[in-house]
Amino acid sequence: MKDKLMNGMQRFAKAMFIPVLILPIAGLLIAIGNLFTNARLIELLPFLDNPITMGFGSILSGSLVSILTNLGLIFCVGIAVGLSNKKKAEAGFTALLGFLVFIYAMNNFLSFNEMLVDPASLQGTGQSMVLGVQVLDMGVFLGIILGVVVALVHNKFAEIEFDNAFQIYGGSRFVFIVLIPIVVIFAILMSYIWPVVQSGIDATGSFINQTGNFGLFLYGTLERLLIPTGLHHLVYTPFLYTSLGGVAEVGGEVFEGARNIYFAEIADPSGGLLNQSVIWDARGISKMFGLLGACLAMYHTAKPENKARAKAILIPAVFTSFVAGVTEPIEFSFMFIAPVLFVIHSVFSGFSMVVLNLLNVRAIGPNGFIDFLLYNVPLGFERTRWPIFILVGIAFFIIYYLTFRFLITKFKFKTIGREDSVQDTKLYSKKDYQAAKSGQLVETVTGDREAETGSAPVIVQALGGPENIDTITNCYTRLRLTLKDPALVDEQTLRTDTGASGVIVKDQNVQVVYGLQVNSVRRSVEKYLGRDPEE
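Residue numbers (the working numbering): 6 to 540.
For the record, the hints were derived by calculation from the structure and aren't laboratory data. A few of these clues could be false.
Restraint ranges, calculated between C-beta atoms of paired labels, are given here [claimed, not checked]: (1) ILE187 with LYS419: 16 to 26 Å; (2) GLN128 with LEU407: 28 to 38 Å; (3) LEU407 with GLY67: 40 to 50 Å; (4) ALA492 with GLY257: 51 to 61 Å; (5) VAL201 with GLY257: 24 to 34 Å; (6) PRO344 with ILE182: 27 to 37 Å; (7) ILE187 with SER525: 36 to 46 Å; (8) LYS312 with PHE98: 30 to 40 Å; (9) GLY385 with GLY535: 40 to 50 Å; (10) TYR197 with GLN172: 33 to 43 Å; (11) ASN214 with PHE386: 54 to 64 Å; (12) SER525 with ILE30: 12 to 22 Å.
Simulated crosslink set (BS3-like; lysine-lysine; CA at most 25 Å straight-line) [as the list claims (entries may be wrong)]: (13) LYS415 with LYS91; (14) LYS161 with LYS312; (15) LYS161 with LYS308; (16) LYS93 with LYS419; (17) LYS489 with LYS419; (18) LYS92 with LYS417; (19) LYS91 with LYS417.
Just so it is clear, CB atoms sit at the ideal spot from N, CA and C, and this is done for glycine as well.
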């Protein structure tokens with residue numbers, strides 16, 4: 006039961022990536038739109054003071070706020086697609102239909118029982134308008150729960166077909182037929198159950214807020230510490246997109262969650278210091294600065310004969326962490342070799358958030374330095390205190406460097422460059438791999454373009470061969486597979502010969518960390534196996 010629960014949670018965390026990863030794009034575009042209407046920028050660049058650019062900026066930022074106000078629908082469709090085993094496009098379409106059925110069913114039931122409040126004053130009543138329909142305010146939780154329900158029904162009934170005259174009612178049509186009564190009954194039940202659940206959520210949020218900096222420290226630490234399990238997404242997502250991360254009224258609309266509040270503030274930059282809730286999204290100190298110090302310590306403690314190799318490996322990893330906020334290639338380089346370093350890294354991450362909170366810094370930096378600049382600089386120092394964020398980052402760069410260097414030399418950890426031989430140095434880049442394994446590169450021509458299988462043959466064999474691989478998917482940085490016999494996995498080959506920076510085996514579920522190039526790795530493996538993409 007424990008293993009099934011863990012596997013289910015890992016799969017759910019992976020499914021959450023579909024809606025979560027698209028939301029920063031909306032935030033970036035909101036920030037860009039705000040640049041065209043930013044008073045300080047217009048003073049510096051007077052040519053921006055014209056109706057065309059200012060109108061474009063207002064329309065761009067204003068229109069994208071609609072994404073933040075319809076997260077329930079976005080999560081419903083995204084999670085249904087992520088959790089479905091086959092026919093993912095049909096699962097997403099069915100989820101959209103199910104969402105519409107739910108809100109109208111709940112609205113009609115509440116109206117029939119005279120449970121609807123005055124729509125002119127919804128704030129604080131527990132009800133809200135969703136796609137123009139007044140229902141209980143379930144926020145993102147509605148999308149999450151309904152997405153799971155749709156996926157379960159879809160996986161069970163999507164391949165059922167009928168003969169003769171009933172043939173038209175098979176497949177995804179039958180899924181929708183089964184789903185309708187389930188969703189209607191679910192809407193009725195939630196009309197009574199959700200107010201109780203919401204009270205529990207509000208109490209949890211109050212408890213978290215009452216714990217103050219201790220709760221913030223625990224949050225920041227767990228968000229890093231759970232990376233090996235792949236469940237760290239389940240730590241920060243509720244704080245970024247639900248009422249657990251705070252509630253604020255911006256521009257006449259109520260927004261829940263740290264990320265949503267911040268993006269709304271970008272689109273409507275008025276007022277003083279940003280809402281304190283946004284501190285839950287200030288997770289960038291360790292990514293942009295701390296791990297740079299850790300990598301410098303690893304380089305300085307590397308053996309002289311390995312320094313050149315270590316430098317070639319660490320520089321791309323540092324660049325990826327600083328610019329894009331992708332830290333796993335670095336973290337997996339010492340996570341299993343020296344677990345104490347990873348624990349300290351997690352503690353420092355939580356501590357950095359506490360420091361930012363004590364200094365009233367409201368800047369966020371979850372996805373690297375480019376996002377940090379676009380999100381925070383346009384709002385100015387007074388509202389975000391973003392220069393202090395950088396100063397705190399520099400301080401943690403020094404702390405990380407001194408701590409990692411001391412512990413590596415004290416306990417003789419075999420971090421990058423300190424291995425027994427230069428061939429053992431990990432985190433090979435794709436270019437390095439191709440140079441070393443040029444004889445195993447396979448190219449085919451399809452139409453007028455080239456398709457490269459690259460390291461796929463080695464990866465497949467290290468996973469036990471084609472017949473051992475059941476499913477292949479990926480998240481942001483990891484190749485995720487289910488294998489018939491995980492005992493056949495050759496972790497050493499995956500690390501040294503394919504550029505993997507980490508391998509996690511849990512029952513039939515195997516995760517291989519490749520970083521940002523994981524999409525191309527997955528495609529090359531699928532091409533080598535002759536399989537269609539599963540996502």
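Discussion item. Between the beta carbons of LYS312 and PHE98, is the distance compatible with 30 to 40 Å?
Written reply: With a Cβ separation near 55 Å, LYS312 and PHE98 fall outside 30 to 40 Å, so the hint is violated.
Item to complete: For ASN214 and PHE386, compare the CB-CB distance with the range 54 to 64 Å and indicate the outcome.
Response: violated, 26 Å
Worksheet item: Range hint 24 to 34 Å: satisfied by the CB atoms of VAL201 and GLY257?
Response: With a Cβ separation near 29 Å, VAL201 and GLY257 satisfy 24 to 34 Å, so the hint holds.
Worksheet item: Does the structure keep LYS93 and LYS419 at a Cα separation of 25 Å or less?
Response: violated, 44 Å
Fill in: Verdict for GLN128, LEU407 (Cβ pair) under range 28 to 38 Å
For LEU407 against GLN128, whose Cβ atoms are near 50 Å apart, the range 28 to 38 Å is violated.
Worksheet item: Can the restraint linking LYS489 and LYS419 be considered satisfied, given a maximum Cα separation of 25 Å?
Response: violated, 33 Å
Discussion item. For LYS161 and LYS308, compute the direct alpha-carbon distance and say whether it is at most 25 Å.
Written reply: violated, 56 Å
Discussion item. Between the beta carbons of ALA492 and GLY257, is the distance compatible with 51 to 61 Å?
Written reply: holds, 59 Å
Item to complete: Using the Cβ atoms, figure out if ILE187 sits within 16 to 26 Å of LYS419.
Response: violated, 54 Å
Discussion item. With the threshold set at 25 Å, check whether the alpha-carbon distance from LYS92 to LYS417 stays at or below it.
Written reply: violated, 51 Å
Worksheet item: Is LYS161 within 25 Å of LYS312, Cα to Cα?
Response: violated, 55 Å
Worksheet item: Does the Cβ pair SER525, ILE30 satisfy 12 to 22 Å?
Response: 20 Å Cβ-Cβ, so the 12 to 22 Å window holds.
The earlier numbered hints that this structure contradicts are 1, 2, 6, 8, 9, 11, 13, 14, 15, 16, 17, 18 and 19.
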